[in-house]
Amino acid sequence: MVERRPALGVLAHAILLLGVLVVAFPLYIAFVASTHTAEEIVQVPMPMLPGPHLIENYHDALVGGGKGAGSTASVGRMMFVSLVTALVIAFGKIAISLLSAFAIVYFRFPFRTFFFWAIFITLMLPVEVRILPTYKVIADLHMLNSFAGLTVPLIASATATFLFRQFFLTVPDELVEAARIDGAGPMRFFMDVLIPLSKTSMAALFVIQFIYGWNQYLWPLLVTTEENMYPVVIGIKRMIAGGDSQNQWNLVMATAVLAMIPPALVVILMQRWFVKGLVDTEK
Amino acid sequence: MAAEKRVVFRSGWLPWALLAPQALIIAVFFFWPAGQAVLQSMQQSDAFGTSVEWVGFANFATLLHDETYLASFSTTAVFSILVAVLGIGLSLVLAVFADRVVRGTTFYRTLLVWPYAVAPAIAGVLWLFMFSPSIGVIAYALRHLGINWDHLLDSRQAMALIVMAAVWKQISYNFLFFVAGLQSIPKSLIEAAAIDGARPWRRFWSIQFPLLSPTTFFLLVINVVYAFFDTFGIVDAATQGGPGKATSILVYKVYFDGFKALDLGGSAAQSVVLMLIVVALTVLQFRFVEKKVNY
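Protein chains in written order, with our numbering: chain G, 1 to 283; chain B, 284 to 578.
Because the hints were derived from the structure by calculation, they are not lab data.
A few of these clues could be false.
Listed below are the simulated DSS-like cross-link pairs for lysine-lysine, each with C-alpha atoms no more than 30 Å apart in a straight line [as the list claims (entries may be wrong)]:
1. B:Lys-543 - G:Lys-136
2. B:Lys-543 - B:Lys-528
3. B:Lys-288 - G:Lys-276
4. G:Lys-136 - B:Lys-528
Beta-carbon label-pair distances, calculated as ranges [claimed, not checked]:
5. G:Val-193 - B:Val-368: 45 to 51 Å
6. G:Ala-241 - B:Ala-477: 58 to 64 Å
7. G:Pro-196 - B:Lys-543: 48 to 54 Å
8. B:Pro-469 - G:Trp-117: 37 to 43 Å
9. G:Pro-196 - B:Leu-425: 54 to 60 Å
10. B:Trp-299 - G:Leu-21: 39 to 45 Å
11. B:Val-368 - G:Asp-173: 28 to 34 Å
12. G:Arg-108 - B:Ala-477: 53 to 59 Å
13. B:Val-338 - G:Gly-76: 46 to 52 Å
Listed next, the stretches of chain B that the computed footprint assigns to chain G, with coverage defined by at least 3 CB atoms under 8 Å from CB atoms of chain G [what the hints assert, rightly or not]:
14. 341-351
15. 402-408
16. 428-440
17. 454-461
For each residue, glycine too, the CB sits at the ideal point set by N, CA and C.
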């Protein structure tokens with residue numbers, strides 16, 4: 001701060017607090033709704049303070065089999081599907097991007113530039129612009145309703161490849177020479193030198209890609225038709241059907257809170273890497 | 284590719300093996316389907332795929348004369364402008380005040396960034412629940428203020444609902460970039476202006492705001508991309524494109540026409556138009572990145 005202006009300081013805190021409250025309000029409402037019975041919520045206006053049914057509602061949501069008009073599948077299973085999907089996507093993206101960046105930076109081979117640009121162009125082909133034909137490929141490969149169908153098509157990553165390429169270019173050449181003198185081959189160099197050096201970038205990418213994987217919606221909407229393969233983000237949408245009074249909003253909101261916890265935890269606990277990841281992946 | 288390594292490894296087969304997984308995935312799941320989309324956009328087939336006819340650019344011509352498609356274009360334009368302007372404006376205000384605060388920065392930042400982690404579809408569900416005409420708390424409060432909220436009937440309210448959910452989710456991202464941008468402005472500039480008698484308001488408009496313009500422009504592009512492509516979940520969860528087609532943005536329409544209405548040629552033509560939009564936005568983004576380096 002340049003000068004003392006107590007009034008402005010108070011105003012700053014007031015505005016930030018207001019911002020925090022507005023941002024947190026939907027979460028608060030969801031939490032409150034998840035602690036009441038379905039009947040209490042459809043009373044207008046719904047209660048604004050938490051009620052006594054927290055454990056019961058979360059238990060019912062996790063186990064499934066409620067009496068709502070929409071899907072009543074087990075949220076526990078959905079969380080498991082989401083977790084596996086997000087982890088496979090995050091680790092898969094990091095792994096194959098490390099390998100291709102290593103090939104592009106440390107080797108000379110025909111069509112190297114061609115591959116580089118081919119990976120680059122995938123930036124311009126998000127799932128949203130090629131939904132139908134991609135769906136058809138998955139259907140032809142019999143990958144509908146499988147973890148492979150949920151994850152493999154999303155594992156290619158131009159941004160991660162770039163990030164690692166940029167990083168590898170800053171690694172001093174002397175390290176390669178030293179490794180060679182010590183008789184290490186390329187894979188040994190990759191495993192023992194490059195991977196340990198890339199740890200921070202990997203952590204940063206992990207945060208971003210885990211959230212990306214967990215929050216996928218359009219793609220799982222297309223490739224999953226069976227309840228036991230729904231990720232939680234799809235499951236919650238399927239729980240809402242018909243009019244407001246037929247939905248078990250308490251369970252829907254409990255599911256929403258459950259679905260937000262893992263990615264929010266990753267962001268909050270890995271905040272330093274999260275910020276680095278955001279800044280790096282947009283370069 | 285500009286930069287090159289001076290020292291490299293020699294191997295005939297290893298680089299190919301390393302590239303194979305990525306190359307295979309992008310070939311099968313990116314380039315093949317994208318090529319199919321371009322092909323199908325010039326074909327006309329019935330819903331069962333029994334007959335396929337080559338029609339050239341007829342699908343595009345139909346598209347450009349289709350009132351609902353043009354309407355979807357302007358819906359998307361209105362939606363992305365509102366999301367970008369509101370999202371950037373609100374997060375700039377928060378970032379400028381967060382920059383002034385000495386204590387509690389981490390506290391505010393943590394509480395402002397978490398919506399980034401919320402899935403668009405979940406954001407849609409949360410806002411739908413608060414604004415539900417029959418049971419929503421905010422709809423109830425608005426009724427007491429004399430506003431009859433029913434986004435199931437009123438198309439402008441439906442648009443407002445998805446804009447609010449989309450902005451709410453995106454503020455954290457913009458906020459982080461503005462905070463970083465403000466921190467990179469040299470303190471000496473601000474101090475010099477203060478010594479010359481410039482008050483905070485004046486300092487903001489003549490120093491901080493102009494120096495933030497690269498960040499603002501970058502965020503503008505990112506927010507438009509976000510509004511175009513990443514808000515499908517919000518729309519599908521909150522309004523399903525309704526009432527009528529009032530919130531049917533381009534990405535929602537591609538999905539709806541392809542999977543619900545089974546108009547393969549038309550949906551493919553829309554995909555190709557979307558690809559062109561992504562290419563244009565990516566070029567814009569990269570030209571800007573070059574500018575930032577020179578800046």
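*What are the numbers of the hints that this structure violates, sorted from low to high?*
As far as the earlier hints go, 10, 11, 14, 16 are violated by this structure, in ascending order.
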